[in-house]
Each structure stands twice: as structure tokens, then as C-alpha cells.
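> One letter stands for each residue in the lines below.
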Amino acid sequence: MEQKLKTIHALLFTYGEPLSLEKLARFAEIPKQEVGECIERLNTALMDTPFTVLSHENSFQLATRPEYASALEAALKSEVSEELTPASLETLAIIAYLGPVLRAKVDYIRGVNSSFILRNLLLRGLISRVPDPQRANTYVYSVSFDFLRHLGVRELSELPEFERYRKFLDGVRIAVSE
Amino acid sequence: MEQKLKTIHALLFTYGEPLSLEKLARFAEIPKQEVGECIERLNTALMDTPFTVLSHENSFQLATRPEYASALEAALKSEVSEELTPASLETLAIIAYLGPVLRAKVDYIRGVNSSFILRNLLLRGLISRVPDPQRANTYVYSVSFDFLRHLGVRELSELPEFERYRKFLDGVRIAVSE
Amino acid sequence: MTLAGYELKTPEFAGPIEKLVELIEAKKLDSTRVSLSEVTGDFLRYLETLAAVSPALLADFIVVASRLLLIKSKALLPESELSEEEEYDIKDLETRLSIYREFKHAAIALNARYKRRAQLFARDYFLVPHGRHVVLPNGVTPQALHQQLGQLMRALEAISARERSITRRAVISIEEKMRSLVRHLETSARSKFKDLAETREEAIALFLAILHLLKDQLIDIEQSENFHDIIIKPRSPNGAL
Numbered sequence: 001m002e003q004k005l006k007t008i009h010a011l012l013f014t015y016g017e018p019l020s021l022e023k024l025a026r027f028a029e030i031p032k033q034e035v036g037e038c039i040e041r042l043n044t045a046l047m048d049t050p051f052t053v054l055s056h057e058n059s060f061q062l063a064t065r066p067e068y069a070s071a072l073e074a075a076l077k078s079e080v081s082e083e084l085t086p087a088s089l090e091t092l093a094i095i096a097y098l099g100p101v102l103r104a105k106v107d108y109i110r111g112v113n114s115s116f117i118l119r120n121l122l123l124r125g126l127i128s129r130v131p132d133p134q135r136a137n138t139y140v141y142s143v144s145f146d147f148l149r150h151l152g153v154r155e156l157s158e159l160p161e162f163e164r165y166r167k168f169l170d171g172v173r174i175a176v177s178e
Numbered sequence: 001m002e003q004k005l006k007t008i009h010a011l012l013f014t015y016g017e018p019l020s021l022e023k024l025a026r027f028a029e030i031p032k033q034e035v036g037e038c039i040e041r042l043n044t045a046l047m048d049t050p051f052t053v054l055s056h057e058n059s060f061q062l063a064t065r066p067e068y069a070s071a072l073e074a075a076l077k078s079e080v081s082e083e084l085t086p087a088s089l090e091t092l093a094i095i096a097y098l099g100p101v102l103r104a105k106v107d108y109i110r111g112v113n114s115s116f117i118l119r120n121l122l123l124r125g126l127i128s129r130v131p132d133p134q135r136a137n138t139y140v141y142s143v144s145f146d147f148l149r150h151l152g153v154r155e156l157s158e159l160p161e162f163e164r165y166r167k168f169l170d171g172v173r174i175a176v177s178e
Numbered sequence: 001m002t003l004a005g006y007e008l009k010t011p012e013f014a015g016p017i018e019k020l021v022e023l024i025e026a027k028k029l030d031s032t033r034v035s036l037s038e039v040t041g042d043f044l045r046y047l048e049t050l051a052a053v054s055p056a057l058l059a060d061f062i063v064v065a066s067r068l069l070l071i072k073s074k075a076l077l078p079e080s081e082l083s084e085e086e087e088y089d090i091k092d093l094e095t096r097l098s099i100y101r102e103f104k105h106a107a108i109a110l111n112a113r114y115k116r117r118a119q120l121f122a123r124d125y126f127l128v129p130h131g132r133h134v135v136l137p138n139g140v141t142p143q144a145l146h147q148q149l150g151q152l153m154r155a156l157e158a159i160s161a162r163e164r165s166i167t168r169r170a171v172i173s174i175e176e177k178m179r180s181l182v183r184h185l186e187t188s189a190r191s192k193f194k195d196l197a198e199t200r201e202e203a204i205a206l207f208l209a210i211l212h213l214l215k216d217q218l219i220d221i222e223q224s225e226n227f228h229d230i231i232i233k234p235r236s237p238n239g240a241l
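Protein chains in written order, with our numbering: chain A, 1 to 178; chain B, 1 to 178; chain C, 1 to 241.
Keep in mind that a hint or two might mislead.
Unchecked claim - Calculated from the model, a selection of chain C residues having no Cβ within reach of chain B, i.e. all distances over 12 Å:
#	residue
1	A14
2	K28
3	S31
4	T32
5	I90
6	D92
7	E94
8	L97
9	R117
10	F121
11	R123
12	L149
As the list claims (entries may be wrong) - Computed Cβ-Cβ distance ranges for the label pairs, DEER-style:
#	chain 1	residue 1	chain 2	residue 2	range
13	C	Q143	B	K167	42 to 52 Å
14	A	E22	C	L136	39 to 49 Å
15	C	D92	B	K167	25 to 35 Å
16	B	E37	A	T138	56 to 66 Å
17	A	R166	B	R65	55 to 65 Å
18	A	A74	B	P133	17 to 27 Å
19	C	G150	B	R65	44 to 54 Å
20	C	R154	B	R154	25 to 35 Å
21	B	N43	A	M47	18 to 28 Å
Worth flagging that the hints you see were computed from the coordinates, not collected in a lab.
Every residue, glycine too, gets a C-beta built ideally from N, C-alpha and C.
With the rest of the complex left out, here is chain A:
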């Protein structure tokens, strides 16, 4: 593996948490526009190892591959995931396929105030929220790295029928954007 990739690998390892593209570029001393390609090459180089790199919203995290789940679950008893209720699942699906999304849109689609469910999902670390860049005092919600890891996907586009749902939503976007 070439040096640059090794440095990125080491950084992701030590950092543990998702590392943003900007920070990764700064710490590894590579131009920002090279990061995406480096991550791709790192993922190829990691093919024969138990690791893979997750990408989501311009951040990256090192994780183990799904085939090690059972051994690791035994080692880390704490991480056994709880069941999700239908209401949580429905909200997660909306955020996963539509995110980053305003609470108003989630409420609109579900027809009900979703603040408690959102709070619950935030607490469980399955979604995250950031201030809406366009509006003061508003947040937009996205699924988290933990959500991706729980589902065993490396990026959102690996979700079932991702393209189909995105397309469908593009079709109804006007109706949804309040």
C-alpha cells in the first residue's frame, strides 16, 4: 500500500469517529479533491482485510466487514441492537431516502408531529441533525454512521432500491416542499 493511503488508514483508525473530508485532507496533507479517489483506492486495498471505509455526507469512518459481526457481537455484548418500532422505522426510512430533510417534511409525510420519534432516534444515535444552512433556528435530519453500520451498508446508495425511491421522491418533490 502506498504511503498516502497508509497515513489515511492510520488516521481513520486512531480517530475512530467519522472524519470529515476537510480534516482528513488537512491531517494527511493531501489536496481536498484527492480525498475521494484516495478513499476509493484505500477501499480496494482493504479488500483482503477485515476492514472497509464507510462514506456518508463527506465524512469517512473505518469499520469491520459484516462477516465479523457475530464474533464482535460476542466480544462487545453491549452493542446488541434493540428492535425498531414501526413508527421509528417509517421515520428512519423517510430520513434515509430523503435526507438531509427538515422536520416539517417528515411531519408532512407522516401526517403527525414527529418530534418525539426524532428525539428518540437522536438519542439512539441512529440519526443526527445539523442546523439548516438556509433557515435560522431550524435543523435538518440525516441518518448517522451508526445507522449505516447497523444496516451493514457502506453508503446510502447501497440501501435497497435506493435509486428507485430517490427517483420517486424527485417526482413528488414539489408537493412535499412546503
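Take the given structure of chain A and dock chains B and C to it, following the hints.
This is chains B and C only, laid out in the frame that chain A set:
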């Protein structure tokens, strides 16, 4: 790399802390007397990677090689020198008024998962954590002595409206009914 | 009220759209206007039970119920004209239903993956020994901590206050309607539904009030033919209402 070594590699990565020979044998499902040899072979396999396995008193830990130290240090330092965000300040305030407190309680009061912020506060030495005497694998968080000194109070009860706020926070009950 | 001691509850009831889809699917219907009109009764019955369990959710359900009643009335009186706004409301409900049904399938697919237990593990945060030097922040004073907590407390109180006020509003409007209906019946032996409710919101509250009073056997209603006005009478002419 053969499967057995990959499993050990994944285990050491996820565990983070030193893993004892006994536990490693149990989780990786290999005989105890094979562990030493496996670690040796894993170390050989890791030759061209940024990682190495440290052995100490029959425990093993995955670590990065010394040549990556400067990049990693830069990463951690940059994390630490940033100003406190409102979210960090809020977390710190909760810990100051309510500590020693469980992470779950901090999460609950804030309505979001706080692990990233706690890590940052720990790295800065503003808070400290100790294992919860009542529960395995759980920590309780308190502000550090250094931070207390920095605040210029002799004890936490000197903080403004300490009793009132502490009571309020204590009263926010964890009732995540799912 | 005291600051301490309240709980932030997280009720998990089906939302109105979810309930509607459930009712339509239970009858093996598609999501057309006709189907919506056919499940209106079921929806109102559910609304009735919900009022007892979680009044806080009523407001959201009433919005959907009002649109269903609109569809129902149009189905029953084909010659009646819908205003532009009413037509928009119905279209909007149909759109939500179609979006919702898509997401319902997505949710099922996600759950299948979630249950497969093929989790990818990351390492929990990892404390690199950093030579024990503490980086103290600027501007963090006891007052700053105090102020930050004050904000948080106000936010938490606002959440619980909002919950309470939604509940109160839904309950009050129905109770008010019940009371005024009873008052009205005391002075006039028969009342027409149409005369008692002017706005659509009033009509819904009145409708719910009637359901309540019927259940408590305090009134009788009469409708000579389908979709004629509903006549409301006290159960016994001199009943102790």
C-alpha cells in the same frame, strides 16, 4: 491473510483497549495455546500496514506504528485547540451541575447522542470518567479538578443556583418508552 | 408547576396517514377517492377511541378526518361543488397517501436489513494518552455554564408545555361543543346539525361531540335520508341533561 488472523485483527480493532489472551481465545474461538503464535503471524502480515500488535503481560492491543505519530498528533491536537461549541458548553454545564452522571442521562437531557462531545471534552481534560460502580461497561462523568480550578470555584456547589438546577436536571426522568 | 419531576414521554401511536393506509389495506382497497370515502367511518371510529387514549394526537387526526368528511360528502352529494381549496386539500391527502405507501415498503426493506445482524463495527472512541495536559477554554465561567443550563431548561419546559397545550386545545374544543350542544337541546327540542356548526373545524368538533353524547346515551340523532341534515334531539324530552 488467513481467516483466523483476520478475525483477531477485527477483534483487536474493535476492542480498542488491551485484550487479554483468554478473552481473545474465547472470542476468536481458538485454543489458548495458539494465541501467541497467531499474534506473531498477524504481526508479520501487518508488516506493510500502518499497524502493529503490542503485547504486554499476556494482553494484546492494536496500535499504529511510530512513524505515523506526527500526523495523528496533529489530528488530535487540532481537535483540542478548537473553541468550545455551544453543544460542548451545554454538555459541560450538565456534567458540572449533575455529575457524576451517566452518558445515557446526558444524552437524554440533551435529546441527542453526546458521545462525540464527551470524547472531545475528555481529550481536552475538562471532564474525567470512571467506571460506574453499579453497572459493568458503563462510565460516569464528572468535571475534572483542572476545570474546577479554571472556573475559580472551590466546589461545584458554589456554581450559581446549583441546588435548583441540579434538582431540575435530576427530575428529568429517563422514560424512553419503546 | 415545579420545574422538576416531569417526564418527557415518547408515545408511539400510528399517525393518521399510517392509520388510513392500514384501514384501506385491511379492506383490500386501492388508494382512490372511493376507497377513502369507504373508510371514513372506520377512521372516525378509530379517532373516537384515540380521543380517550391520547388526546394530544387528536389535532393531527382531525385535520385528516376533515378531509375525509369532505370526500365523503362529495361522494354522497355528487352535485355539490368543491371549492378550489377543498379540491387542493383532497389532492394533498392523496399525494401523502401515495408517498406514505412508498415509504412503508422502504421501511419494511430497511427492517429486513436491520434484522440480518450484519453490523459493521467501528471502534468506540479511543482515548489516546496525550501527556495529561489540559486545554482550558476561553470564556467558560460559572455564569456561562449557568446561562447555558437556563436555556436548556427553558427549552425542555417549552416541549412539555407545547404537549400540554395541544392536548388542552383538542379536548377543550370537543368539550365546549358538547356543552353548547346540551345547552342548545335544553332550549329547543330538535336541532339541525347545519345550524350548529359554521366552520369545518366546528363541524368536526361537533361531530365528535355527537359521538360522545351518543355513546353516553344523552341524545338521539335522526336522518330521514342519507345525506340529509342530521337532526339531534335529547334522549328524553325532559331528560336531566
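> Now tell me, hint by hint, if it's right for this structure.
Hint-by-hint comparison with the structure:
The beta carbon of C/A14 sits about 15 Å from the closest Cβ of chain B, which is more than 12 Å, so the claim that it is off the interface holds. With a cut of 12 Å on Cβ distances, C/K28 stays outside the contact zone with chain B, its closest approach being about 31 Å. Every Cβ of chain B is farther than 12 Å from the Cβ of C/S31; the closest lies at roughly 29 Å, confirming the non-interface assignment. For C/T32, the non-interface assignment is confirmed: its Cβ lies about 35 Å from the closest Cβ of chain B, beyond the 12 Å cut-off.
Residue-level check passed: C/I90 sits 35 Å from the nearest beta carbon of chain B, beyond 12 Å. Here C/D92 stays apart from chain B, with its beta-carbon at least about 30 Å from theirs, past the 12 Å limit. The claim that C/E94 lies off the interface holds: its Cβ sits roughly 32 Å from the closest Cβ of chain B, which is beyond the 12 Å cut-off. Non-interface call for C/L97 relative to chain B: holds, since the shortest CB-CB distance, roughly 26 Å, exceeds 12 Å.
Its beta-carbon lying about 15 Å from the closest one in chain B, C/R117 satisfies the requirement of being farther than 12 Å from that chain. Annotated as non-interface, C/F121 brings its C-beta within 12 Å of a C-beta of chain B; the closest such distance is 5 Å. A cut-off of 12 Å between C-beta atoms contradicts the statement that C/R123 is not in contact with chain B; the least separation is 5 Å. The beta carbon of C/L149 is not kept farther than 12 Å from every beta carbon of chain B, the shortest such distance being approximately 5 Å.
Range check, C/Q143 to B/K167: about 20 Å between beta-carbon atoms, so the 42 to 52 Å window is missed. In this structure the supplied range 39 to 49 Å is violated for A/E22 paired with C/L136, their Cβ-Cβ distance being about 26 Å. C/D92 and B/K167 have their C-beta atoms about 47 Å apart, which leaves the hinted 25 to 35 Å range violated. Range check, B/E37 to A/T138: Cβ separation about 58 Å, and the 56 to 66 Å hint holds.
Between A/R166 and B/R65 the Cβ separation comes to about 42 Å, which falls outside the hinted range of 55 to 65 Å. Checking the proposed 17 to 27 Å range against A/A74 and B/P133 shows it holds: the Cβ atoms sit about 25 Å from each other. At about 49 Å, the beta-carbon gap between C/G150 and B/R65 stays in the expected band of 44 to 54 Å. The hinted range of 25 to 35 Å is satisfied by C/R154 and B/R154, whose Cβ atoms lie roughly 29 Å apart.
A hinted range of 18 to 28 Å holds for the C-beta pair B/N43 and A/M47, which are about 21 Å apart.
Of the numbered hints listed earlier, those contradicted by the structure are 10, 11, 12, 13, 14, 15 and 17.
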